[in-house]
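*Asks:* Given these sequences and hints, build the entire structure.
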Amino acid sequence: MSEEILINVTPRETRVGVVENGMLQEVHVERASRRGYVGNIYKGRVQRVMPGMQAAFVEIGLERAAFLHASDIVRPAISSVEEEESGGNGNGHVPSISELVHEGQEIVVQVVKDPISTKGARLSAHLSIPSRYLVLLPHARTLGISARIEDEVERQRLREVLGTLIGADAVEGNRLGYIVRTNAEGQGAESLAFDVTYLGKVWRVVQENIAKARVGERVYEELSLPLRSLRDMLNEDIEKVRVDSRETFERVARFVHKFMPQLDDRVEHYDGERPIFDLYGVEDEMQRALKKDVPLKSGGYLIVDQTEAMTTIDVNTGAYLGTRNLEETVYRTNLEAAQAAARQLRLRNLGGIIIIDFIDMTDEEHKRQVLRMLGKGLARDHAKTTVYPMSALGLVEMTRKRTTESLARQLCEPCPACNGRGMLKTAETVTYEIFREITRAVRQFNAEKLLVMASPSVVSRILEEESAAVAELEEFISKSIRFQAEEHYSQEQFDVVLL
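Add 5 to a position in the sequence shown, counting from 1, and you land on the number used in this note's numbering.
Just so you know, these hints were derived from the structure itself, not from any lab.
Hints may contain errors.
As the list claims (entries may be wrong) - Within a straight-line C-alpha distance of at most 20 Å, the following computed DMTMM-like cross-link-like pairs (lysine to aspartate or glutamate) qualify:
hint, residue 1, residue 2
1, Lys-296, Asp-362
2, Lys-217, Glu-64
3, Lys-389, Glu-190
4, Lys-296, Asp-283
5, Lys-389, Asp-77
6, Lys-381, Glu-369
Stated by the list, open to error - What follows is a set of in silico ranges between Cβ atoms, one per label pair, in the way DEER data are often shown:
hint, residue 1, residue 2, range
7, Arg-219, Leu-400, 49 to 59 Å
8, Ala-474, Thr-312, 30 to 40 Å
9, Ala-388, Asp-365, 27 to 37 Å
10, Gly-109, Glu-244, 46 to 56 Å
11, Gln-344, Gly-427, 25 to 35 Å
12, Leu-331, Ser-396, 18 to 28 Å
Predicted model only: the values in this text are computed from it and were never measured.
In this text, a Cβ means the ideal position worked out from N, Cα and C, and glycines have one as well.
*Replies:* This is the structure in structure tokens:
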């Protein structure tokens, strides 16, 4: 499989695209004005404790107070080295939030989810600092192996190598905890030792920053988007990393040489006249990813609908008629849809609860194959996904970890004409609203004439199709009404002026 990472840099915006076999799979956007906070560590102060929610709101210097749940507050670390897939906290009991923090208390926290929509950032007091192959867990004293490394022999080897390396590593007498990342599979002791040393240095700097920081100050900043992307995604499968900015290329090259010297030759500066995202068709793919409909090669299509509560993906056969029978047609469409849906989740960065409404199938084997195809498509997704069995209605429920806004919510805003409803009132509906407003206005105020300003489509309809109704209304209120088309008015907008 041919896989490339494209880095496009402009003064105020950086974009990273992941292209597999010539097709865009992921795109990440970071703007100077709205750089994300995930991974940053702050010294905060507890603003409010909410026992009913088992949570506290913490001031960390952002626009809105951030949310900290009781389960995300550090508790006594487990005492023995054991396998922890996610750096767990050692016990299942969650004390009352009132026992853990109090208002006015200073606390060191890390952002695990950016502010999304009207919600503040989500915090954790379980700090973690990632490197190329490891994640440092300063308060956990645990050794974990990524669940994506499935070979038990390799898992045991990594456990032994890291166990040897961290045996001598101590900070103030306490051994630090680590998780071995998926990237570490097949890596030797030297590579892991480098990361252990690097993370130890970073943690010492963080501790120094914590000691002197004031409330609301950042004590650790996550890497910028280009470096973060390479740290998490660059491996032997990536054929090329192309960067269209000389300054960013030099910074990326230094980073790769330091942490991944064996991949030095994969990074190159792109200096072509044609923009790099245009050359690979990324701009067009991004525009398509903002639409609700996703055409399938067979003639079917998906409808992707993102709401506050969840994202739904509806599968339709469309123009695809198949060649054999209805069940076969449905099966083929669903197979293609499963693959396309997995790609759209990555491309659009959709998270939270996701419902995929496949076309009804009666054959149980067909259902299993469709789920298998969906799982296969999600296998290369860097975000954690959980897929549940297909329901009797043909619905597949799944979750995908969300840490940042979706692509659409990063690049778009609600339509000012419909306020995000996705629909406009018809010209007929607005016409009758105008008639009611006229009747209401003349009952409240004295005026000889009325002027109605509205969009051209509404005024045109009133003068052509509702002229008789206007005459009746003028007779009823004993006043003349003049209509004026305003080009800049939306279809729902109008004003009734008393003259």
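*Asks:* None of the hints should be skipped; say for each whether it holds.
*Replies:* Structure-based check of each hint:
no.	hint	result
1	Lys-296 - Asp-362	18 Å, holds
2	Lys-217 - Glu-64	18 Å, holds
3	Lys-389 - Glu-190	18 Å, holds
4	Lys-296 - Asp-283	19 Å, holds
5	Lys-389 - Asp-77	18 Å, holds
6	Lys-381 - Glu-369	18 Å, holds
7	Arg-219 - Leu-400: 49 to 59 Å	50 Å, holds
8	Ala-474 - Thr-312: 30 to 40 Å	38 Å, holds
9	Ala-388 - Asp-365: 27 to 37 Å	29 Å, holds
10	Gly-109 - Glu-244: 46 to 56 Å	54 Å, holds
11	Gln-344 - Gly-427: 25 to 35 Å	27 Å, holds
12	Leu-331 - Ser-396: 18 to 28 Å	21 Å, holds
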